[in-house]
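Asker: Sequence:
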Amino acid sequence: MYWGYHDYDRARKELSLAQKSLPNDPWAFVLAGYIDRRQGRWTESIKNLERAVELDPQNPHVLQQIAGSYNRLRRYADQERALDRAIAVTPKEAVMRAARAEVELDWHADTRLLLSTVEAIASEDPREVKNIAELWLRGSLCKRDFDSARRALAALPAAGCYQETIPFPRAWCEGVVARMRGDKAAAHAAFTSMRTEAAKMIAEQPDYPEGLCVLGVADAALGHKDDAIREGRRAVELLPVTKDSIVGALLVQNLALIYAWTGEKDLAFEQLTIVAKLPGSLSYGELRLHPYWDPLRDDPRFEKIVASIAPK
496 MYWGYHDYDR
506 ARKELSLAQK
516 SLPNDPWAFV
526 LAGYIDRRQG
536 RWTESIKNLE
546 RAVELDPQNP
556 HVLQQIAGSY
566 NRLRRYADQE
576 RALDRAIAVT
586 PKEAVMRAAR
596 AEVELDWHAD
606 TRLLLSTVEA
616 IASEDPREVK
626 NIAELWLRGS
636 LCKRDFDSAR
646 RALAALPAAG
656 CYQETIPFPR
666 AWCEGVVARM
676 RGDKAAAHAA
686 FTSMRTEAAK
696 MIAEQPDYPE
706 GLCVLGVADA
716 ALGHKDDAIR
726 EGRRAVELLP
736 VTKDSIVGAL
746 LVQNLALIYA
756 WTGEKDLAFE
766 QLTIVAKLPG
776 SLSYGELRLH
786 PYWDPLRDDP
796 RFEKIVASIA
806 PK
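Under the numbering used here, the first residue of the sequence shown is numbered 496, with each subsequent residue one higher.
Treat the hints with care, since some could be wrong.
[Claimed, not checked] With a Cα cut of at most 25 Å, we get these calculated DSS-like pairs of lysine-lysine:
1) LYS679 to LYS738
2) LYS638 to LYS695
3) LYS638 to LYS807
4) LYS772 to LYS760
5) LYS720 to LYS695
6) LYS625 to LYS638
7) LYS772 to LYS542
8) LYS638 to LYS679
9) LYS508 to LYS738
Keep in mind the hints are simulated off the structure, nothing from the lab.
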């Protein structure tokens with residue numbers, strides 16, 4: 496019910512019964528926190544996840560989940576503390592270490608800790624690189640280090656670079672790297688491949704919001720403006736923030752990207768302003784550094800949005 500149908504109210508009723516019969520089971524509070532988070536009930540979500548941590552303080556998964564909630568609320572100091580506790584339990588967990596280092600990118604627009612942590616993990620155990628390649632790629636792009644981005648891309652698993660449940664294929668990452676280094680032919684080839692994959696998803700599931708989002712971004716990258724905007728808007732209509740606060744916010748964020756990449760600056764700023772006021776993954780560091788947003792950088796409206804989520 497929770498994962499498959501977005502039927503949160505029914506899931507909550509089932510969970511309430513479980514909590515009554517198992518009042519000290521941390522997973523009842525974890526699941527309640529998940530549901531609250533999806534419904535945009537962030538205060539309740541944090542309360543439930545904090546209770547789960549109290550009941551199972553050595554569980555790194557629970558600590559990682561509450562850290563993710565703190566990230567979306569832009570409570571970065573709390574996120575760091577939660578991840579530090581998780582790392583104390585599992586000190587060699589590569590993904591946790593990289594995620595802890597990534598906080599500095601989001602919070603202070605500083606890539607150094609993330610990239611140095613990735614290099615340390617790679618030297619300790621090269622087998623772990625595939626598990627942190629997506630974070631490595633993000634840090635490399637934000638630093639504009641395209642040699643590092645190329646190496647991160649080589650390590651990226653074939654499954655691609657998901658945003659929550661939005662299935663961006665590996666070709667998207669390839670296209671972004673090629674575009675940022677100025678290789679138009681390689682970028683076009685990668686984005687064409689990406690579009691083919693997305694179009695197949697939509698042929699099978701015409702009202703699949705995450706798939707429409709991917710298709711819209713691909714069309715924006717290829718210059719298919721009208722198609723891109725229609726697809727991005729449809730994705731947001733199908734899965735609004737009111738239905739799923741996490742993925743819904745990402746769909747709005749990607750609609751802003753579609754507008755930015757198709758020259759619709761006014762509409763891009765309209766959507767970015769909305770996203771910046773929502774809990775979500777859009778961060779000061781993302782806006783300040785990531786090449787995604789380069790088409791908007793020469794406009795004072797962009798600086799105003801960046802300032803609105805800058806560290807205080």
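Asker: Now look at each hint and say whether the structure bears it out.
Answerer: Hints, one by one, checked against the model:
no.: 1; hint: LYS679 to LYS738; result: 38 Å, violated
no.: 2; hint: LYS638 to LYS695; result: 34 Å, violated
no.: 3; hint: LYS638 to LYS807; result: 23 Å, holds
no.: 4; hint: LYS772 to LYS760; result: 18 Å, holds
no.: 5; hint: LYS720 to LYS695; result: 20 Å, holds
no.: 6; hint: LYS625 to LYS638; result: 20 Å, holds
no.: 7; hint: LYS772 to LYS542; result: 21 Å, holds
no.: 8; hint: LYS638 to LYS679; result: 21 Å, holds
no.: 9; hint: LYS508 to LYS738; result: 17 Å, holds
The structure fails to meet hints 1 and 2 from the earlier list, while all remaining hints are met.
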